[in-house]
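Hey, can you work out the whole structure from these sequences and the hints?
Number of protein chains: 4
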Amino acid sequence: MNPQPQHLKSETRPLHSVWRKYLYDVIFEADTPLAKGFDLVLLWVIILSMAAVMLESVSDIEIYFGYYLRIIEWIFTILFTIEYIARLIAVRHPLQYAFSFFGVVDLLAVIPTYLSLFLWGGQYLLVIRALRLLRIFRILKLGRYVNESQVLLSALQASRQKITVFLLSVVTVATIMGTLMYMVEGGQNGFTSIPRSIYWAIVTLTTVGYGDIAPKTVIGQTVSSFIMIVGYAIIAIPTGIVTVELSNLQDKKNKAAAEQRQSDPCPKCHSLSRDMGALFCKFCGHAFG
Amino acid sequence: MNPQPQHLKSETRPLHSVWRKYLYDVIFEADTPLAKGFDLVLLWVIILSMAAVMLESVSDIEIYFGYYLRIIEWIFTILFTIEYIARLIAVRHPLQYAFSFFGVVDLLAVIPTYLSLFLWGGQYLLVIRALRLLRIFRILKLGRYVNESQVLLSALQASRQKITVFLLSVVTVATIMGTLMYMVEGGQNGFTSIPRSIYWAIVTLTTVGYGDIAPKTVIGQTVSSFIMIVGYAIIAIPTGIVTVELSNLQDKKNKAAAEQRQSDPCPKCHSLSRDMGALFCKFCGHAFG
Amino acid sequence: MNPQPQHLKSETRPLHSVWRKYLYDVIFEADTPLAKGFDLVLLWVIILSMAAVMLESVSDIEIYFGYYLRIIEWIFTILFTIEYIARLIAVRHPLQYAFSFFGVVDLLAVIPTYLSLFLWGGQYLLVIRALRLLRIFRILKLGRYVNESQVLLSALQASRQKITVFLLSVVTVATIMGTLMYMVEGGQNGFTSIPRSIYWAIVTLTTVGYGDIAPKTVIGQTVSSFIMIVGYAIIAIPTGIVTVELSNLQDKKNKAAAEQRQSDPCPKCHSLSRDMGALFCKFCGHAFG
Amino acid sequence: MNPQPQHLKSETRPLHSVWRKYLYDVIFEADTPLAKGFDLVLLWVIILSMAAVMLESVSDIEIYFGYYLRIIEWIFTILFTIEYIARLIAVRHPLQYAFSFFGVVDLLAVIPTYLSLFLWGGQYLLVIRALRLLRIFRILKLGRYVNESQVLLSALQASRQKITVFLLSVVTVATIMGTLMYMVEGGQNGFTSIPRSIYWAIVTLTTVGYGDIAPKTVIGQTVSSFIMIVGYAIIAIPTGIVTVELSNLQDKKNKAAAEQRQSDPCPKCHSLSRDMGALFCKFCGHAFG
Chain A
1 MNPQPQHLKS ETRPLHSVWR KYLYDVIFEA DTPLAKGFDL VLLWVIILSM AAVMLESVSD
61 IEIYFGYYLR IIEWIFTILF TIEYIARLIA VRHPLQYAFS FFGVVDLLAV IPTYLSLFLW
121 GGQYLLVIRA LRLLRIFRIL KLGRYVNESQ VLLSALQASR QKITVFLLSV VTVATIMGTL
181 MYMVEGGQNG FTSIPRSIYW AIVTLTTVGY GDIAPKTVIG QTVSSFIMIV GYAIIAIPTG
241 IVTVELSNLQ DKKNKAAAEQ RQSDPCPKCH SLSRDMGALF CKFCGHAFG
Chain B
1 MNPQPQHLKS ETRPLHSVWR KYLYDVIFEA DTPLAKGFDL VLLWVIILSM AAVMLESVSD
61 IEIYFGYYLR IIEWIFTILF TIEYIARLIA VRHPLQYAFS FFGVVDLLAV IPTYLSLFLW
121 GGQYLLVIRA LRLLRIFRIL KLGRYVNESQ VLLSALQASR QKITVFLLSV VTVATIMGTL
181 MYMVEGGQNG FTSIPRSIYW AIVTLTTVGY GDIAPKTVIG QTVSSFIMIV GYAIIAIPTG
241 IVTVELSNLQ DKKNKAAAEQ RQSDPCPKCH SLSRDMGALF CKFCGHAFG
Chain C
1 MNPQPQHLKS ETRPLHSVWR KYLYDVIFEA DTPLAKGFDL VLLWVIILSM AAVMLESVSD
61 IEIYFGYYLR IIEWIFTILF TIEYIARLIA VRHPLQYAFS FFGVVDLLAV IPTYLSLFLW
121 GGQYLLVIRA LRLLRIFRIL KLGRYVNESQ VLLSALQASR QKITVFLLSV VTVATIMGTL
181 MYMVEGGQNG FTSIPRSIYW AIVTLTTVGY GDIAPKTVIG QTVSSFIMIV GYAIIAIPTG
241 IVTVELSNLQ DKKNKAAAEQ RQSDPCPKCH SLSRDMGALF CKFCGHAFG
Chain D
1 MNPQPQHLKS ETRPLHSVWR KYLYDVIFEA DTPLAKGFDL VLLWVIILSM AAVMLESVSD
61 IEIYFGYYLR IIEWIFTILF TIEYIARLIA VRHPLQYAFS FFGVVDLLAV IPTYLSLFLW
121 GGQYLLVIRA LRLLRIFRIL KLGRYVNESQ VLLSALQASR QKITVFLLSV VTVATIMGTL
181 MYMVEGGQNG FTSIPRSIYW AIVTLTTVGY GDIAPKTVIG QTVSSFIMIV GYAIIAIPTG
241 IVTVELSNLQ DKKNKAAAEQ RQSDPCPKCH SLSRDMGALF CKFCGHAFG
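Chains as they are written, first to last, in our numbering: chain A, 1 to 289; chain B, 1 to 289; chain C, 1 to 289; chain D, 1 to 289.
Hints were generated in silico from the structure; no laboratory data involved.
Hints may contain errors.
Unchecked claim - Cβ pair distances, simulated, as ranges: (1) K252(B) with Q188(C): 55 to 61 Å; (2) V230(B) with W74(A): 31 to 37 Å; (3) L115(D) with T217(A): 51 to 57 Å; (4) L107(C) with F101(A): 45 to 51 Å; (5) Y68(D) with D60(B): 43 to 49 Å.
As the list claims (entries may be wrong) - When the alpha-carbon atoms are kept at most 20 Å apart in a straight line, the in silico EDC-like pairs for lysine to aspartate or glutamate are as follows: (6) K255(C) with D251(A); (7) K216(B) with D60(C); (8) K252(A) with D251(B); (9) K252(D) with D251(C); (10) K216(C) with D60(B); (11) K253(B) with D251(A); (12) K252(A) with D251(C); (13) K255(A) with D251(C); (14) K253(C) with D251(A).
Using N, Cα and C, we set each Cβ at its ideal position, and we do this for glycine too.
Structural data, given as structure tokens:
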């Protein structure tokens, strides 16, 4: 995406192509005031449309304002539809966009409302509507947060295997402990089945602790004290993993910066490596300025 | 704030100015015994005034001792008013102080009591009274904790963007998960609306787990087990971020100290950089003592 | 387990031995397509057999499908028995395998069903059935996760003593705090005995917080606020321990990789240690290419 | 405590002194089999006496076995009394021991039972009895855990100031948030007074979340969602602090070990600093073996 040749090309492009390039810059980039304005408006439309979805679920509000909320929902849906079509027009490869992650999210943002015309129980499409919120990340992606989310994602990705092993261990411990508690406590104390006991074990291991199911017998409380302390100790593991990964990424960044600094070549022998604080080049004896 | 020239200047200042300088030292600095005493008294007055605010909210105590507590509140308010006026007099730029963070906090510490004379429902100003507690940090700021809070604040500030991305992700996950659970569990199990379900999702993701709302269906418990494990894993992220930042700050401090140590110049060639444990200067061959 | 000589040996081995070697490769290794297929089938059989165990504990399902679930359980048990016998045949030292960790786990996977023929209350063997899940780790062990679990286990092992001291401190704090709360709150608020109060203290210190027992008096709430903040602060300790260990292991790995990189010997004097970025060998002055 | 001269001295000491030295070794050291046996017996007596204290608090057990438990308590008390007197005799400075931390703990282990002869309500001395558990740390102190607990304590001590600032911030945030919630929710939803609301805020911030008090209004739930996410994010701070301190201590240990390794002096010039992997001394050119 070297801007220079593209700009040169655009001078010889037909008007139609110039217009599409302009549309692309406004919708997908964030460099011009208009593009920034577009992002800001989109951000608010997304937030307001989510607010409308939420309010519709509150029964008191639904009763009095349901009619208006449905109108608002349709307005937002039409806005999102226009935006989706504009995106399809603006990009060079519409199909590639349509099947990209954000392309699918954009489509899912408009589909539920149209489907609700034909289907009963359209309310079961609510989660799909909630996915609209993911679109906020695209807006941020174009801003200054891109680096930070990259770093976080890299750290998570680098420690993916360690985290898989960790999660598998948690699930295994929860299963064995859940089965044990099902035997120890039994159905009359809320541990009515093994799946339910495993649910309890996960609630306990993760230190969430709702208290909807809680051990009542002395043995059960002893076993769960043990589980809690284990859970308390192993919470250290994902933290350690992510911290080390983040620290590694930081070290690489620091080292790259330090090498950049050191790599001013010696004016005489042009050797690229000078010791920290050296006054003379260690390869030719040239005195640094 | 070079003390030497200021002291010289003060000899030629009018009496009025000397007195203000003296007041400033007592109120804002913590070097003289009187200034330390002032801080200590202020610390206790703040704590006692907070205790009075709290006790007034306990209905049994309010009934029997409410009259005395209101008198005590007025005494504290008058003390704080005198202190606020003294601060305004002592500083060189009263307006700049008045609009500074602690200036506003100082003003908010006295206003609610005066307002309660004219307004009904003065109790809604309680939170403003609680802000008095923030004034404790000013007293500490003048003490030995200044470095430590600086380090913590720097670490938080340096990782501000990463934390913003993290919090936004938590809110997005909570919204999508909350909507999902609203659909799965429905109103009869406590998930009466999407906002309430999002509240539940945040309670779960952050491992707080009140248990006021808890999943009852098998699917709901499965989904929430998944949410809990996700929450358990992503708690690692802010921890990793802050740890790496603190570690960076520590490294910088250590490096600065090490450079300080190494920078005793060579007695012969006065080169400032000596290798760890070197017996001879690496720039002129002079033997170190 | 140098494969070369074994392969040479196998050419002169009797057919019986060749067949056993083949069986061993399929069951214990994961290099051939057949071995990978075996692992995959075993993985699913384990998961399905666990699912059957869980479903049997749900009373509604047990009533309608109990008969079929018991048949399925017998099918899985027979499959596991065949697998266990095959493992015994395949290995060179059957007894050594039988008493190894996974040998015992394999045996425990089949025993409960056979025992249920002779014993009443076979349901108390449920936990033993749940141990089947541990066998998943063997399958992973042969895969690409071996390194990651090794790193996690090494980190835990290296910090074993620190974690012991930490857990002992948590138990001591919980005991003293539990006794204190038993005195402060007393039986009428749920703190009916010291063991129960210790259980509460562990629930609180580990931030699980069921709420089945909660302080009701003002003193009790003050003491438990203190305990919570202590628990909140000391959760940092295991995290710190594991992070430092993981970071150490990572450093060692990085250093080993760096040394590997540096250890290309000098072409002239064959010295193995070259400085980072050096242009000339520091031992013989030979210019690197 | 140089053992050599002490041993020389003891040969010329009177029999009385030799006996005291022997007693000291058995009780305070852990090098001889007898001393190790003493520690082991003491460990079990402490654990059993704690078990007796706990069992006495369970009302069912108290009714049937209370008489025996009181006899057992007296036996343990007499054993601890003998041990305490033996310690007083064995040490050179009895008063210094008596006022040391463990001296006071040893005394507190026996006092409650004697006091119960003269005082009613001796049960309020239960916490003092629970302090016996602290004596376990002395036994460990003499073992191999001494290093590990030292490291943990050093890390906590080094970050004492940072942790103070952190805890003060948590308390301040809890106070302000508690006051806010008292106003928002009010007494009818369980937030009956500011102290109680602060207790709730601490329960929430520390992610304990009992659920005995939970927000019921929409505004209350919104505010507490915010508090939870803040609490979730700031839990990173103590973790970061302790991790960095532990990491620092580890670095120092590593560096000390590395210096030790490098400090084998050059056989020719006796310079103490050799570069990692150097084949020739960098100070005199002597070839290392």
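Status of the hints after comparison with the structure:
With their beta carbons about 56 Å apart, K252(B) and Q188(C) fall inside the hinted range of 55 to 61 Å. At about 34 Å, the CB distance of V230(B) to W74(A) agrees with the hint of 31 to 37 Å. As the Cβ distance of L115(D) to T217(A) is approximately 35 Å, the hint placing it in 51 to 57 Å is violated. At roughly 48 Å, the beta-carbon separation of L107(C) and F101(A) lies within the given 45 to 51 Å, and the hint holds.
At about 44 Å, the CB distance of Y68(D) to D60(B) agrees with the hint of 43 to 49 Å. With a C-alpha separation of about 13 Å, the suggested pairing of K255(C) with D251(A) holds against the 20 Å cut-off. Between K216(B) and D60(C), the direct Cα distance comes to roughly 16 Å. Compliance with the 20 Å bound is thereby established for this hinted pair. With a CA separation close to 15 Å, the supplied pair K252(A) and D251(B) stays within the 20 Å bound.
Under the criterion of a C-alpha separation no larger than 20 Å, the hint pairing K252(D) with D251(C) is consistent with the structure, at around 15 Å. A distance of roughly 16 Å separates the Cα atoms of K216(C) and D60(B); the hinted pair therefore holds under the 20 Å criterion. Proximity of K253(B) to D251(A) is assessed by CA-CA distance (about 16 Å); at most 20 Å being required, the pair is judged to hold. Among the hinted pairs, K252(A) with D251(C) is consistent with the structure: their alpha-carbon atoms are about 13 Å apart, no more than 20 Å.
Our distance criterion of 20 Å between C-alpha atoms is met by K255(A) and D251(C), whose separation comes to about 15 Å. Distance restraint check for K253(C) and D251(A): the Cα-Cα separation of roughly 15 Å lies within the 20 Å cut-off, and the hinted pair is therefore satisfied.
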